[in-house]
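Take these sequences, add in the hints, and give me the full structure.
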Amino acid sequence: MKFASEFRQGKLAQGLLSKIRGASKRPARFMEFCGGHTVTIFRYGIRQALPETIMMLSGPGCPICVTANADLDKAIALARIPGLIIATFGDAIRVPGSYTSLQVARAEGADVRIVYSTLDALRIAEENPGRKVVFLGIGFETTAPTIAASVLQAKEDGLANYSVLSLHKLCPPVIKALLDSGEVALDGFICPGHVSAITGSKAWEFIARDYGISCVVAGFEPLDVLQSVDMLVAQVERGEPMVEIAYRRGVQPEGNTEALRLMDEVFEPCSAEWRGMGTIPDSGLRLKDDYRRFDAEKVFEIDPGPTREPSGCICGEILQGLKTPHDCPLFGEACTPEEPVGPCMVSSEGSCSTYYRYGGGGIER
Amino acid sequence: MSDRILLAHGSGGTLAHRLVEERFVKPLLNPVLSKLDDAAVVDFAGRLAFTTDSYVVNPIFFPGGDIGRLAICGTTNDLAMSGARPVYLSLSFIIEEGFLLTDIDRIISSIRETTEEAEVKIVTGDTKVVDRGSADKVYINTAGIGVVPEGVSLSGRNAQPGDKVLLSGPIGDHGIAVMSKREGLDFSTKVESDCAPLCEMVAAMIAASPKIHCLRDPTRGGLATTLNELASQSNVRIVIEEERIPVRDEVLAACEMLGFDPLYVANEGKLVALVPASDAERVLAAMRKSKYGKEAVLIGEVKEGSSRVVMKTSLGTSRLIDMLTGDLLPRIC
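Chains as they are written, first to last, in this note's numbering: chain H, 9 to 373; chain W, -14 to 318.
For the record, the hints were derived by calculation from the structure and aren't laboratory data.
What you are looking at is a predicted structure, and each value in this text was computed from that prediction instead of being measured.
For glycine and all other residues, C-beta sits at the position ideal for the given N, C-alpha and C.
A portion of the hints provided could be inaccurate.
Said to hold, decoys possible - No more than 25 Å apart at the CA atoms, straight line, and that leaves these computed lysine-lysine pairs for BS3-like:
(1) H:19 <-> W:297
(2) W:113 <-> W:11
(3) W:11 <-> W:106
(4) W:297 <-> H:27
(5) W:149 <-> W:122
(6) W:149 <-> W:288
Stated by the list, open to error - Listing some non-contacts, in silico: residues in chain W with all C-beta distances to chain H over 12 Å:
(7) 2
(8) 49
(9) 304
Take a look at the structure:
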């Protein structure tokens, strides 16, 4: 298969691993920002194969996981408006908000539809002219451009019944907030691959420049991740933090300028609440005033009521790399993929779900 | 006359009789079924295996198969996994009002072909029609009985340390084929369902070695879930090697796109066999000679330990393989 099996070859991986083992002298703490990277690391048992000098931490790069309960409650309140259709990407329907989930709302009669593309959501709006369709805009810079494109398309087609609940989050501001908090000490970042395809690797230059932390943009196959660790180790050993790309087939330094233009046309930065991390300035996206008739927050009166956090859940600390799922008293007991308490157990790229599925990172040697 | 199923087709009146006789009994005709008595009376000798399953797959026609072929393969394969030779099946339909008669004919024709292939007879059946909206197009239930040959004793509890793990071919074809045609997910792929009756291969395997310990078909939940069931039933550790597990490029590509792990994607024409090491080569050769086992491979072995499945990755590391947990997969069987 093109672009998958070539990047899973055992012999090349063994070669990279022995190179890393030979090169890594100083103890180093690396964070993989993306949930997708966490999955690869666990699925291929990469943590246990790395030398003891290297410690890997999982970061907040799971859009579902970082969505605050207050925002999930808004989506659920919208779903309960009679006649309204919610269109959403799959994982979002299972995430519990303060009191319930979209999945439960659906069982109780709400019309919640899983789509795989914003174009499907537009089609639903076209086919149901008498009903309002709201797309749940949950995601990072990766999904925001396609949602911006759907708004532009809806405008062009004169679709008056389509709107977006924009809960988008931006990655550079949350990394900055994480580093400014000073709670987690890091020597290197494995920067997100798909987000960087949009933003470009230049988005991470402040990390190396202002915080002296090495950065490598990585793809999602095991060889991609190992190559990025190898490059991070080399930077740490040289003592020269910089931004490098280990994912040239997907990422350019300047990013995808057309996608950035679409985002900029429709959205503007706003402050956003991140689960467990509070409100971070300019870390979210809202629709610009020119597009307010496509903004679900402006189109509908949404009253989600008071929010509540599940007691005992430490998703917030796990997302910041401060704790691991094994530190959580609920993990694997009260909180499982069948009956998740926190969002990190729901999303297929959430740390808790990954730890659960892959048995704590491959206990066996 | 309407070209669709009407509620009256399920009323027990003349329309119902005509439907059953012309569209069900005639194509599937055999001496027992043709009597149309309340129950089939058949001759039987030996140890009996008995199973049942219901089929609700959506869509009902998919690349490489349809709900009819699935209903025959699923039940005969369950019998085969107990070492039995399937002999008789029942066939029951629950049909939504408005269903096309031509689609009934397509399904029955597929059922006929598959029963002939599996050398099994449909000896009794039933048809119900429900109001539009009360069911989704058509559901099928089949129950089956088979005869277990003398000296054969297969069970998920029989695995022994040292057994070799054999897999009859590439995994994930059925799940991906069905999903590729699902509304809202439509993607083009060359993958076809592997849906197939495995009884002929099982008979050949048993002839090659009556000492086979366990057979199981990795349907819903995929290979990972099946191996976990076996490890847990026999209280052993099963170690498999990632690089030995065959997955077609197209299946791998679709899994990457959808975020699935092929280990958890359904199969409908594959089996896993746990066989004493001494007989493994012989059984593998028998599998490779049969129509649905040409790509059979050895993927690992059974070790001492407790109820776990461990996979050696292509990186030389190991990780635990868990059962399938909460997912969003559509109806696939």
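Hints, verified against the model:
1. For the proposed pair residue 19 of chain H and residue 297 of chain W, the alpha carbon gap of about 14 Å is at most 25 Å, so the pair holds.
2. This hinted pair checks out: residue 113 of chain W and residue 11 of chain W have alpha carbons roughly 18 Å apart, not beyond 25 Å.
3. At most 25 Å may separate the alpha-carbon atoms for a hinted pair to count; residue 11 of chain W and residue 106 of chain W meet this at roughly 13 Å.
4. Of the pairs offered as hints, the one joining residue 297 of chain W and residue 27 of chain H holds, with about 21 Å between alpha carbons and a cut-off of 25 Å not exceeded.
5. Restraint check for residue 149 of chain W and residue 122 of chain W: the C-alpha separation of about 43 Å exceeds 25 Å, so the hint is violated.
6. The straight-line distance between the Cα atoms of residue 149 of chain W and residue 288 of chain W is roughly 10 Å, inside the 25 Å bound, and the hint therefore holds.
7. Listed as a non-interface residue, residue 2 of chain W keeps its Cβ farther than 12 Å from every Cβ of chain H; the least gap is roughly 40 Å.
8. A cut-off of 12 Å between C-beta atoms confirms that residue 49 of chain W is not in contact with chain H; the least separation is 20 Å.
9. Not every CB of chain H is more than 12 Å from the CB of residue 304 of chain W (nearest about 4 Å), against its label as outside the interface.
Hint compliance for this structure: hints 5, 9 are not met, and every other hint is.
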